[in-house]
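Here the protein sequences come in this chain order: C and D.
So that you can map any letter, position 202 of the first sequence is 202 in this note's numbering, and since no number is skipped, the others follow by simple counting.
With the second sequence counted from 1, adding 295 to any position gets you this note's numbering.
Everything labelled a hint here was simulated from the structure, so no lab data went into it.
We treat Cβ as the ideally placed atom computed from N, Cα and C, and that holds for glycine.
The hints are all genuine.
Partner residues aside, some chain C positions facing chain D, computed with beta carbon under 8 Å:
#, residue
1, 16
2, 24
3, 25
4, 96
5, 107
6, 114
7, 121
8, 125
9, 132
10, 139
11, 230
12, 268
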Amino acid sequence: MKDRSSNIAGFWFVLPAMLVVGALLLYPVLSSIFFSFTNRNLLKAVYGFVGFQNFASILQSRDFWNAFANSMKWTAGSVLGQLVVGMLAALALEKIPRFSGVFRTLLIIPWAFPAIVIAFSWRWILNDVYGFLPKLLNAIQITDGNISFLADPQLVFGVALAINIWFGAPLFMINILAALKTVPSDQYEAAKIDGASGFQRFWFITMPHVRRVIGLLLILRTIWVFNNFELLFLITGGGPAGMTTTLPIYAYRTGWGLRQLGMASAITVLLLLFLLILAAFAFRLVSRWERNPTK
Amino acid sequence: MIPVLRKLTSYSIPYAFLGMLAVLATFPLAWIIISSVKSSTELASNSLSFWPRDFTLEHYRRVLFELGAIRNLGNSLFISLSTTVLTIAISAPAAYGIVRFYPKVGQRLTQVLISTYMFPPILLAVPYTIIMITLGLSNTYFGLVLAYLSFSIPYAVWMLTAFYQTVPIEIEEAAYVDRAGRVRTFLSIASPVILPGIVATAVCTFSNAFNEFLFALLFINSSDRMPIAVALYSLSGSECSTGAR
Chain C
1 MKDRSSNIAG FWFVLPAMLV VGALLLYPVL SSIFFSFTNR NLLKAVYGFV GFQNFASILQ
61 SRDFWNAFAN SMKWTAGSVL GQLVVGMLAA LALEKIPRFS GVFRTLLIIP WAFPAIVIAF
121 SWRWILNDVY GFLPKLLNAI QITDGNISFL ADPQLVFGVA LAINIWFGAP LFMINILAAL
181 KTVPSDQYEA AKIDGASGFQ RFWFITMPHV RRVIGLLLIL RTIWVFNNFE LLFLITGGGP
241 AGMTTTLPIY AYRTGWGLRQ LGMASAITVL LLLFLLILAA FAFRLVSRWE RNPTK
Chain D
296 MIPVLRKLTS YSIPYAFLGM LAVLATFPLA WIIISSVKSS TELASNSLSF WPRDFTLEHY
356 RRVLFELGAI RNLGNSLFIS LSTTVLTIAI SAPAAYGIVR FYPKVGQRLT QVLISTYMFP
416 PILLAVPYTI IMITLGLSNT YFGLVLAYLS FSIPYAVWML TAFYQTVPIE IEEAAYVDRA
476 GRVRTFLSIA SPVILPGIVA TAVCTFSNAF NEFLFALLFI NSSDRMPIAV ALYSLSGSEC
536 STGAR
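Kindly produce the complete structure, drawing on both the sequences and the hints.
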């Protein structure tokens, strides 16, 4: 079996997938880099090279830095919020003696629906004319007149963030819960006998067992939330006045709204570069964290 | 009596917390389902009542038949099914080939494949748009399915590799003794063993394709070819977004 002919046979098994990955991933990424140096327009086939002009004008644009800051706030807030809520939910589920399965099923529900359903459900609840929440706040006399949660500049970012935490926390919960099941219970009893406090037990027994899962989840979710376009786009459309415009939404507007595909390419290339740096940094941090438990 | 009481209070906090989360998790979706069977007059009234006063399927009838959402549902099914079939047909041989013929390269390769997870979809959107204009694939099902293969194949190969690794080499060697060729062995020995894994991969692929929004929004622009998510999005601009998802 282990001769030259098996290598040739194997080649034919793998070839179609390699071709697809080459044509649909490698080539597009390279061509995206290529177009970031051109003034390609969505509607015109003719284009020319502009060197680093796209990058220069993006880095000088206030809209870009606004989108960058929004992306950072959006990603950090969402992922940390999802971690805290997911962790607390997992700990609570692990503690209760009965109905744990029922609660687990109910709490996974937000994660099980596509972005459009999530976004429309919340937009309906928050709707400033018919929405349940504005009417409820009026009925219990907290507010006087309907609040428009998704149009108010002071509220919109926090509201969108809360929806994303609501959506993503279940994933943290089920993965942390799975990791909690691996903690041997006799360690807790031994610690109790030695007089360890609740916090000490959590920090020195629970945390070392779930640290790896949390590290991995943080990295994967950070990348995903940073790249995600549709949830925020469907909730707010990036508005009002660019207050919830993140980098993917900014690139979408530049490329398909303003039809400047070359410029949009440059934005997405910057996005990828930033992610690569972030990921390299994060993976190093997590592997160090795994080696030194108390740091 | 006292220990029971103490136990009760020590559990009451997690129960209260989980109860609150359960309400928060289920209410928005429950509310939109309830709203979808309420009449327009009741929706416009200032009522906060949970149960509908007069139950109606009018909104569903309107969305599905008058606004053509049934066709968009069909589009979604067709696009997702095509993506799933092509993905499995291309990924299963690749995963098998990696496990059986290139086990050493395989590990590196799957790492590379999973790192494609990091590519922002919006980064691929620009070149895809240009490719589709050039090849005349914009506004076609085929173009959209091709775009979906870009993320579904790396994911499926990665998942299936893990499943093919569990197939013991001994049963394949028995097949070789019986003069089954490599393709026969792959199709009728190794793949049936991991059928549950293939089904799981297919389900994930299908649901990812069904839920995808960005590529569908960019590449399909006539409403009779739109998948359901994009159709609902374009509907919400003109109509009030009540009714079914």
